[in-house]
Every structure is written in C-alpha cells, then in structure tokens.
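Participant: Spelled out, the chains give:
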Amino acid sequence: MKLKKHRGIETLKSRYGLMFVTPWIIGLLLFFVYPIFQSLIYIFSDVRVVVGGTMMKWVGLDNINYIFQKDPEFANNLGQGLFTLLYTCPVILILSMIIGIMLSGQFKGRLFFRVVYFLPAIMAAGSVLAMLFQYQAGDVSSIQSDESVSSGMIDVSEIIAFTGLPQQIGDFISTTLSGIMNIIWSCGIQIVLFISGMQTIPELLYEVGKVEGATKWEEFWFITLPMLSNVIVLVLVFTVVDAMTSQTDVVMTQAYALMDSQLYGRASAMLWTYFLCVGAATGLVLWLYNRFCASRWQ
Amino acid sequence: MLKMKQFSTPESKALYQKKMMQKAGSFLVSLYRYVLLISISYVIIYPMVFMITTALKTPDAFLDPSIVWIPKVFSLEGFTQAFEALDFSNSFISTLVYEIVAAVIEIFSCTLAAYGMARFDFKLKGILNVFLMLLIFIPSQMIIIPMTINFSDFDILGIVGLIENIIGEPIKINLLNSVWPFYLPSLFGVGLRAGIIIFMYIQFFKGLPKELEEAAWIDGAGPFRTFLSIAIPSSGVILFTVSVFSVIWHWNDYYLAVMYTSSNYPMAVKLNTIEESISVLFRKHAITEKAMIVMAACLIFILPVLIMYMIVQKKFVQSIDKVGITG
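Protein sequence lines, in the order shown, are assigned to chains W and B.
Using this note's numbering, the letters of the first sequence correspond one by one to residues 1 to 298.
Using this note's numbering, the letters of the second sequence correspond one by one to residues 1 to 327.
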C-alpha cells in the first residue's frame, strides 16, 4: 500500500501513456491480430458462409496444393506480380528520391512544379489510373494509334518506322514508355515523403561541407543520402505495400475474383503466399541495407 | 573589380577560372533540373488532358484523324451519361458517409495512440513498436476475408453469444452494408493505412518541443488536458497533411468498400464496374462510345478531390516543408 502512494512521476507517466494507447491496443487485438490468425487458419481450411454463420472444415494443405498444382493461372500470376514489383519498386524509389531532392531546392517556379508533382499523390491510388491504363493499353489505340496515352505522348512507332528498326523493338520501347508513365504516377506520396525528409536535414551540414570543399556529388553521397536513410526505409516499405495492393496487381485481382465466388480458403492461401514472397524479399533488402549502408553511415 | 580581372597574380586567375567553372556547373545543374522536371510534368499532365478531351469528344470524333486534341463539336453527352452510370447522387453520398467520415474519425483517433507512443515510456512500448511496423507492412487486403466474415456475424468478444445463451434465441448482427465496418477500425486507430498515419504523427510529436507540455504539467493540467489544449493546437501542420492523405486514401478506397458493401456502393467501386453499367444502361459496346463515358466518369470521380486540392494546395505545399514527418 505504501509503495502505491510513493509512486514516482515516471510510473504515473507510464500509466498515462498506457491510457493513451489503450484504445489502439484494443483495436490492434480485435481488428488486426485476431483477423491475421483467422486468415492464417483459413489457409488450411474450407470456409463457407452458410445461413446462420460460417462453416469451417480443416483440409490441411489442400488449398496450397490446389493453387500451385491445379490452378492454371496462379503460378504465372505470382511470377508476374513479383517480377513487376521487382522492377517497379526500385525505380519508383530512386525516381521519387531524385524528384524529391530537386523539388526541395530553391529555384524559380518551385511552387508550380510542386503543385504538378503532388497531383499523382492526390488522385493516383486506384480506379482512375487503372481505367486510364486500360484505355491506353489496347482498345482505344486500336482505333487510332494517337489515341493511346503513352504512344500519343511521343509517337514512337513513327520514329521506329523511320529508322527502319524491327517492329519488336518499337513495341518494346512503347511498353517501356507506358511503364514509365505508370511508375511516375505511383511516385506521388513518395515524393512528398522525401521532400518532408529533406527539410529535416540541418542546413549546417551543407555549410560544413562547403567549407570543407565538397562538390555537389560528394554532398549527396555523404550528407543527403545518410541523413535520408530513415525516409528511404519508410518509402521502400510504403512503395512495396502500395504496389502490391494496387488495382492493376494480377495476384490481388485473382484473389478478389476468388472471394467473389466465396472460395475464401484459396483466396487466403494466395494472398499469404504472395505476401510472404514480397515480405521475404523486402526483409532481405532491408537487412542488406542495414548491414552495408546504414551501419557504415552511423 | 577591375583589379580582379587584370589577374595580378596567377592565383587570382586560377580562382577566377574556378569560379567560372562553378558558375557553369550550377547553370548546368539548374538546366538539367528544369529539363527533367518539365519532361516529367509532361507525363503527369498529358493523361489529364487526354482524359478531358476524350470526355468532351463525340464518338464520331474518334474516327476523324484531323481531330487530335480539340474536338470540333464539344459534347457534354459523356458527362450526363457518366453521371447516370455512376449513379452519382447515391454513390457520392455513400462515399461521404462511409469513407470520408471514417477518414475524419481516423485522423483524430490516431493522434491519441501516436501521442502516447511519442511522449510516454511504458513497458509495452517495444512490442507496440513491432506491431506498428506490422500494421504499416501488412496491407488490409490480407485480413479482409476474416474481417468481412466477422462483420457479417458480429460477435467479436463472444458477448453476443453469451446473450444468445441467456435468452435462448439466436441473434445475428450483420454489420455489412452499414457504416460500422468502416467506422469501428478507424475509431480504434487501425483503419485504412492507419500504420503510416500513426507513424507520421509519432515522428512529428517527437520533434515537437516538450517544454510547453511540461509547463502545463507543472501547472496541474492532466494528461488529456495537456494533450487537447497544448499538443493538438500546436500540431496543425501535421493534422492538415494527414487529413489530406487520409481523405484521399479513403476516397480512392476500392478493396475494402467492395467487400463491406453490397448495395449503395461508394463511387470508387462504381467507377471500377462502370463498363458493365454502360453496357447495361445504354447498350453501348463500341469502344469509342465507352471511352467517352468512362473518361467523363473518371473526371467526375477525381473532381471533388481535385477541387479540395486546389483549395488547400498552397497550404499543403508549404506544410510539407514543416511537418518533418520522416525524421
């Protein structure tokens, strides 16, 4: 009893801290941890929604066997999804870093460029982008090639025809172009994060660099990049999650189609397989990053 | 000045040359910057313009090779049909009711958790940090199936089951198609992308000077009083930034909405299935006719967010400089 009376300010503060986070802990348990366990169980069971509740039957590894051996599309989709992530995420990361650093400097027209570059952040995520790409991809362009968004930007096919290169190379270039568009449009939030990260680097460091006679290039490698290391990790994780859950992602689309037909077990198995692959790859990258870059900068 | 240019000593000449080199270098850097920025802006602006012109064209204009950008006849037919295909009045209201209110709830509920994590030390903090990372990294699509099933038969702590046993009658609480699947997670700080929102708040609160709050403590204000009257008023910038993000994410949310609702879809879902609605409503199957309506619908969809952005853009652009969300 006496101990309770003499509790210090630290104990009191820790209690207040707990008071603040209690709702969040409840939320985490009810709407995050518990559903995660449930969906992990769903992987190994046959889940059906019937009148008056759900019916679950333990089926062991059936779902996993099914998606890998019997499903005609999943293995392909998984490979394609992972491959897309593999080449888009690094490009998004680097591109948004370059743009973020550029936009955080002082130059004429900065406000205008910022307004333009935040546009993707405002409306990219989702349906509109999916629609745009769908309409540029094939259908409209078959009517009139100029109508396709990416090939309309720069008329690649004509340039290719002019230089006399084979058709395949032209196709490849126009695919890459539309890929670039996709990538730039998914850079929105990342640019915002980088700009805000750039503001936290003290100006003093650059002045010291100038006194020491560092070039711009050295400034980037020895001041900007190490100071941005936290932002880079955050942006990497954000980019991976964002790309993985975009509406153009093939695995997500397939899993959602399965959910429509109430094959919850299989959908769950697909989602978690995909997520584990992505998570393992991201974890590896983060580990390497910590091991070889972040620790050296410390 | 004149003396400088006469180069009285070889050193000053070298210095002058170096200066010129630097000047040329910085000119090249800024040139490079403008070229890159302008060419990427082009990629951003082009699709917008494409959307607008396509929406305004008549179907015949697609077949006319002389019309690339500005159609000879402007038609608003695309827009009237898009309004109908989107079921605009209904879907707009349900977007507001389901998504935007959830966004507002989320903005405020997340401050509580973040403030607790940033300002206080307690035992569970290490574990909670791990969970925060998981919350950022595990997308809500991973748990959407059990969430939907749980909400369709809401009995999350077994309380309903207990009452069932007492009364002896089966009760089924189906929360799907109501606002609760959107509000409840938001209320507890685990809504749509809550992880990254809490993370931003934590970074901001950590950078906020403690002294004011300590003064309030000494003056006898309780923790919640301090939070409400000191911490919240001084975090206008981050509240603003996060609000913009959260509203946009909720506005664009498709994956949650399509599972939690089966009628009164929000606009994002309507937009995603617009091709079918066009075929059903207007019996139009030609791609040119569809393109016009779809692009008009896309414009209608982004317009409210765009207007919001145009209103707040100056403040948003400036606040990005101040928030330090990623320290």
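Think of the hints as simulated: they come from the structure by calculation, not from any bench.
Watch out, some of these pointers could steer you wrong.
What the hints assert, rightly or not - Heads up, simulated EDC-like pairs for lysine to aspartate or glutamate below, C-alpha to C-alpha not over 16 Å straight-line:
| # | chain 1 | residue 1 | chain 2 | residue 2 |
| --- | --- | --- | --- | --- |
| 1 | B | 172 | B | 153 |
| 2 | B | 284 | B | 77 |
| 3 | B | 206 | B | 121 |
| 4 | B | 125 | W | 10 |
| 5 | B | 125 | B | 153 |
| 6 | B | 290 | B | 276 |
| 7 | B | 210 | B | 121 |
| 8 | W | 57 | W | 71 |
| 9 | B | 322 | W | 10 |
| 10 | W | 13 | B | 275 |
| 11 | B | 123 | W | 46 |
| 12 | B | 290 | B | 275 |
| 13 | B | 290 | B | 153 |
| 14 | B | 284 | B | 84 |
| 15 | W | 13 | B | 121 |
Claimed, not checked - Quick list of the computed label-pair ranges, beta carbon to beta carbon:
| # | chain 1 | residue 1 | chain 2 | residue 2 | range |
| --- | --- | --- | --- | --- | --- |
| 16 | W | 76 | B | 24 | 39 to 45 Å |
| 17 | B | 93 | W | 54 | 27 to 33 Å |
| 18 | W | 286 | B | 90 | 20 to 26 Å |
Unchecked claim - Negatives, chain B to chain W, calculated, CB over 10 Å:
| # | residue |
| --- | --- |
| 19 | 52 |
| 20 | 71 |
| 21 | 142 |
| 22 | 163 |
Heads up, the beta-carbon is just placed ideally off N, CA and C, and yes, glycines get one too.
Participant: Now tell me, hint by hint, if it's right for this structure.
Facilitator: Now the hints, each set against the structure:
Between the alpha carbons of residue 172 of chain B and residue 153 of chain B the distance comes to roughly 6 Å, so the proposed pair stays at or under 16 Å and holds. With a CA separation close to 13 Å, the supplied pair residue 284 of chain B and residue 77 of chain B stays within the 16 Å bound. With a CA separation close to 13 Å, the supplied pair residue 206 of chain B and residue 121 of chain B stays within the 16 Å bound. Of the pairs offered as hints, the one joining residue 125 of chain B and residue 10 of chain W holds, with about 14 Å between alpha carbons and a cut-off of 16 Å not exceeded.
The suggested pairing of residue 125 of chain B with residue 153 of chain B is violated, with an alpha-carbon distance near 33 Å, which exceeds 16 Å. Straight-line distance between C-alpha atoms of residue 290 of chain B and residue 276 of chain B comes to about 10 Å, which keeps the hinted pair within the 16 Å bound. A C-alpha spacing of about 14 Å is found between residue 210 of chain B and residue 121 of chain B, which places the hinted pair at or below 16 Å, so the restraint holds. A distance of roughly 21 Å separates the Cα atoms of residue 57 of chain W and residue 71 of chain W; the hinted pair therefore is violated under the 16 Å criterion.
Distance restraint check for residue 322 of chain B and residue 10 of chain W: the Cα-Cα separation of roughly 31 Å exceeds the 16 Å cut-off, and the hinted pair is therefore not satisfied. With a CA separation close to 57 Å, the supplied pair residue 13 of chain W and residue 275 of chain B exceeds the 16 Å bound. With a C-alpha separation of about 40 Å, the suggested pairing of residue 123 of chain B with residue 46 of chain W is violated against the 16 Å cut-off. Note on residue 290 of chain B and residue 275 of chain B: the hinted pairing holds, with a Cα-Cα distance of about 7 Å set against a maximum of 16 Å.
Note on residue 290 of chain B and residue 153 of chain B: the hinted pairing is violated, with a Cα-Cα distance of about 40 Å set against a maximum of 16 Å. Proximity of residue 284 of chain B to residue 84 of chain B is assessed by CA-CA distance (about 14 Å); at most 16 Å being required, the pair is judged to hold. For the proposed pair residue 13 of chain W and residue 121 of chain B, the alpha carbon gap of about 7 Å is at most 16 Å, so the pair holds. The hint said 39 to 45 Å for the Cβ distance between residue 76 of chain W and residue 24 of chain B, and at roughly 53 Å that hint is violated.
Evaluation of the 27 to 33 Å hint for residue 93 of chain B and residue 54 of chain W yields a pass: the beta carbon distance comes to about 31 Å. Evaluation of the 20 to 26 Å hint for residue 286 of chain W and residue 90 of chain B yields a failure: the beta carbon distance comes to about 44 Å. The Cβ of residue 52 of chain B sits about 12 Å from the closest Cβ of chain W, beyond the 10 Å cut-off, so the non-interface label holds. Every beta carbon of chain W lies more than 10 Å from that of residue 71 of chain B, the smallest distance being close to 12 Å; the non-interface claim holds.
Distance check on residue 142 of chain B: its Cβ comes as close as 6 Å (rounded) to a Cβ of chain W, failing to clear the 10 Å threshold; non-interface status is violated. Non-interface call for residue 163 of chain B relative to chain W: holds, since the shortest CB-CB distance, roughly 16 Å, exceeds 10 Å.
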